[in-house]
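Colleague: So you can see what is in the structure, the chains are spelled out below.
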Amino acid sequence: MISQPRGRKLSREEAERVPHVVARPKARYAWSAGPATGRFLEELKEGRVLARRCNGCGRVLVPPRMFCERCFRPTDEWVYLPGTGTIQTYSISYIDTDANRIAKPILVGVLAFDGASEGCGIMHYFGEVAPEKLYIGMEVEPVWKPQAEREGAITDIKYFRPRRKEDRQ
Amino acid sequence: MKEVAVVGAGMTLFASRMMETGKELCWEAAKQALDEAGLSLQEIDAVIMGTAPDAFDGIHKKGENLLDGAGGANKPYMRVYTGGGTAVMTPIAGWWHIASGMFDTVLVVNEEKMSSARPHAQSVFAHIWDPILDRPLRPNLVWIFAMEMQRYMHKYNVRKEDIALVSVKNKRNAVDHPCAQLADPKITVEDVLNSEPMALPVRRLDISPPSDGASALVLASLDVAREICPDRIVTIDGVGWCIDTTMWTNRDLAFPKFLARAADQAYRMAGIKDPKKEIHIAEPYDPFNYKELQHMEGLLLCEPGEAAILTREGVTQRDGRLPVCPSGGLLGVGNPIAATMGIKVGEIYWQLARKAGKRQVRNDPVTGVCQAWGDLMQFSSVLVMRRR
Chain Z
0 MISQPRGRKL
10 SREEAERVPH
20 VVARPKARYA
30 WSAGPATGRF
40 LEELKEGRVL
50 ARRCNGCGRV
60 LVPPRMFCER
70 CFRPTDEWVY
80 LPGTGTIQTY
90 SISYIDTDAN
100 RIAKPILVGV
110 LAFDGASEGC
120 GIMHYFGEVA
130 PEKLYIGMEV
140 EPVWKPQAER
150 EGAITDIKYF
160 RPRRKEDRQ
Chain X
0 MKEVAVVGAG
10 MTLFASRMME
20 TGKELCWEAA
30 KQALDEAGLS
40 LQEIDAVIMG
50 TAPDAFDGIH
60 KKGENLLDGA
70 GGANKPYMRV
80 YTGGGTAVMT
90 PIAGWWHIAS
100 GMFDTVLVVN
110 EEKMSSARPH
120 AQSVFAHIWD
130 PILDRPLRPN
140 LVWIFAMEMQ
150 RYMHKYNVRK
160 EDIALVSVKN
170 KRNAVDHPCA
180 QLADPKITVE
190 DVLNSEPMAL
200 PVRRLDISPP
210 SDGASALVLA
220 SLDVAREICP
230 DRIVTIDGVG
240 WCIDTTMWTN
250 RDLAFPKFLA
260 RAADQAYRMA
270 GIKDPKKEIH
280 IAEPYDPFNY
290 KELQHMEGLL
300 LCEPGEAAIL
310 TREGVTQRDG
320 RLPVCPSGGL
330 LGVGNPIAAT
340 MGIKVGEIYW
350 QLARKAGKRQ
360 VRNDPVTGVC
370 QAWGDLMQFS
380 SVLVMRRR
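Protein sequence lines correspond, in order, to chains Z and X. Heads up: the first sequence begins at 0 in numbering that gives the first Met the number 0, then just goes up one per residue. Heads up: the second sequence begins at 0 in numbering that gives the first Met the number 0, then just goes up one per residue.
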């Protein structure tokens, strides 16, 4: 049985009057992409989507990895994919990364790449499509940044857009 | 293997708690649990601490930072961390400390303080995404749940109206919980469906609020429990946990297979063959309303896609055949991540011990299950408890 708990909810103003210390940690990192994701990023720069095949389970894996987490053995070969895919799920987001409200929603979701194993894909933005037109199963294609602007990052793809012109905005 | 009982529980008010440090919250919860068990700290053999990402507080080694409040000084002490799954993982760690025969009494303390992060805990959550492939897209944590909810609704043809009923049930149940942050006796399905859009299909009232708080449990070997609280013997009869791959964009987002595995492990240990019949009360993890439904299915309490129907039929109400989240859950009481142990394990203990007061369910349950879920959407911890 819970006795009457102590404490109470404070208003924002009250909370600011409570003695406290504010600090911002000074921390910067350089995260290695590793051999698999690193090559994946380099190929994005060239406008290509790369996967990795495991001959143990036969899966074609995106994001690619140098070992198969199921078979627990090295993966075997690089496989180029067409870059097109199918929407597995999506969200229409009215909040940004800091939970600020935004008027124009971000369209984001998970797509599975054609030529990869079932359900294997990445998270990315969707564009050139009205939010209410998005659906699970929609076929999409990448829209690349101009080659000169690519830097070997997931954002070298600006977004994915519907393959059917009628679905585009 | 020694049998293990829960002999005491405690928790603090869940709210933004700028007045107190995490240590002080730990102390409040730990003292309550000890008082209910009728034990002093000197009679505790070992202490387990549970708390989620260090980044929330901006303090590294949070386990060490909270140590004194948890009563861990000069005792065998360790921190357990599995993201949101910590809420039910620390009691599992407490269980094995005793089941192994090493200790007779263990104090388990879980704490979370999310109000320290500025401007919002969401900014800190961004750090849990994959740094190479996800973070350059500047994600918000809610996205991942929105995408999971969308996939779940699509695959099992679940209606948003039925999902909204979970928020209504839990926020109303929370009215009877003295630690509740977001209880609302008048909330309706329309309120939920029309609340502010966050990342659709997720709206404001589909989500549990970030919070500060602490909770605690005292565990004892069955022999010790029979001495100190013969009037209420509630034992931990099954434990299970399991995690899926980190490659979340390769996973099935509609059905939590990892949870089904964890549940199966716990049920086998508890000798439960048909959880649909043998479980009388459940506290699945409900940080979002759809998660309660998905977790009921993962806990094998019904078929995939069936939880929404049971909810619509009132089966999961406090006076229903299978009360689900009678505490008010994370949706109603609040979501100080690891500290939700108090409304998961704590609630099942109080219910089975017939000590839940106004929240006491009608079906006088003997066997209950609770569960927590975490890491990057792919971990679950499950605990089965019984009244002897």
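A few of these clues could be false.
To be verified - If you want a taste of the chain X side facing chain Z, the calculated C-beta under 8 Å gives, among others:
#: 1; residue: V123
#: 2; residue: A125
#: 3; residue: L132
#: 4; residue: L136
#: 5; residue: M146
#: 6; residue: R150
#: 7; residue: M197
#: 8; residue: C241
#: 9; residue: I242
#: 10; residue: D243
#: 11; residue: G313
#: 12; residue: V314
#: 13; residue: Q316
Keep in mind the hints are simulated off the structure, nothing from the lab. Here the structure is a predicted model, which is why all the values come from computation and not from measurement. Glycine included, C-beta positions come from ideal geometry on N, C-alpha and C.
Colleague: Given M197(X) was flagged as interface, is its beta-carbon under 8 Å from a beta-carbon of chain Z?
Modeller: holds, 5 Å
Colleague: So, as I understand it, the hint says L136(X) touches chain Z; can you test that by seeing if any CB pair is closer than 8 Å?
Modeller: Result: holds, 7 Å to nearest chain Z Cβ.
Colleague: Please check whether V123(X) passes as an interface residue: C-beta within 8 Å of a C-beta belonging to chain Z.
Modeller: violated, 10 Å
Colleague: Per the CB criterion, is C241(X) less than 8 Å away from chain Z?
Modeller: The hint is violated - C241(X) has no Cβ within 8 Å of chain Z, the shortest such distance being about 14 Å.
Colleague: Identify whether the interface hint at I242(X) stands, where standing means a beta carbon of chain Z within less than 8 Å of its own.
Modeller: violated, 11 Å
Colleague: Answer holds if the nearest beta-carbon of chain Z is closer than 8 Å to that of G313(X); otherwise answer violated.
Modeller: Nearest chain Z Cβ about 26 Å off; hint violated.
Colleague: Grab the minimum C-beta distance from D243(X) to chain Z and call the hint holds if it beats 8 Å, violated otherwise.
Modeller: violated, 10 Å
Colleague: Does the CB of M146(X) sit less than 8 Å away from some CB of chain Z?
Modeller: holds, 4 Å
Colleague: Against chain Z, is Q316(X) within 8 Å by beta-carbon distance?
Modeller: violated, 22 Å
Colleague: Min Cβ distance, A125(X) to chain Z: is it shorter than 8 Å?
Modeller: holds, 5 Å
Colleague: A closest beta-carbon separation below 8 Å is what the hint needs, so does L132(X) meet it against chain Z?
Modeller: holds, 5 Å
Colleague: Let me know if the C-beta of R150(X) comes in closer than 8 Å to any C-beta of chain Z, holds or violated.
Modeller: holds, 4 Å
In this structure, the earlier hints numbered 1, 8, 9, 10, 11, 12 and 13 are contradicted, and the remaining ones agree with it.
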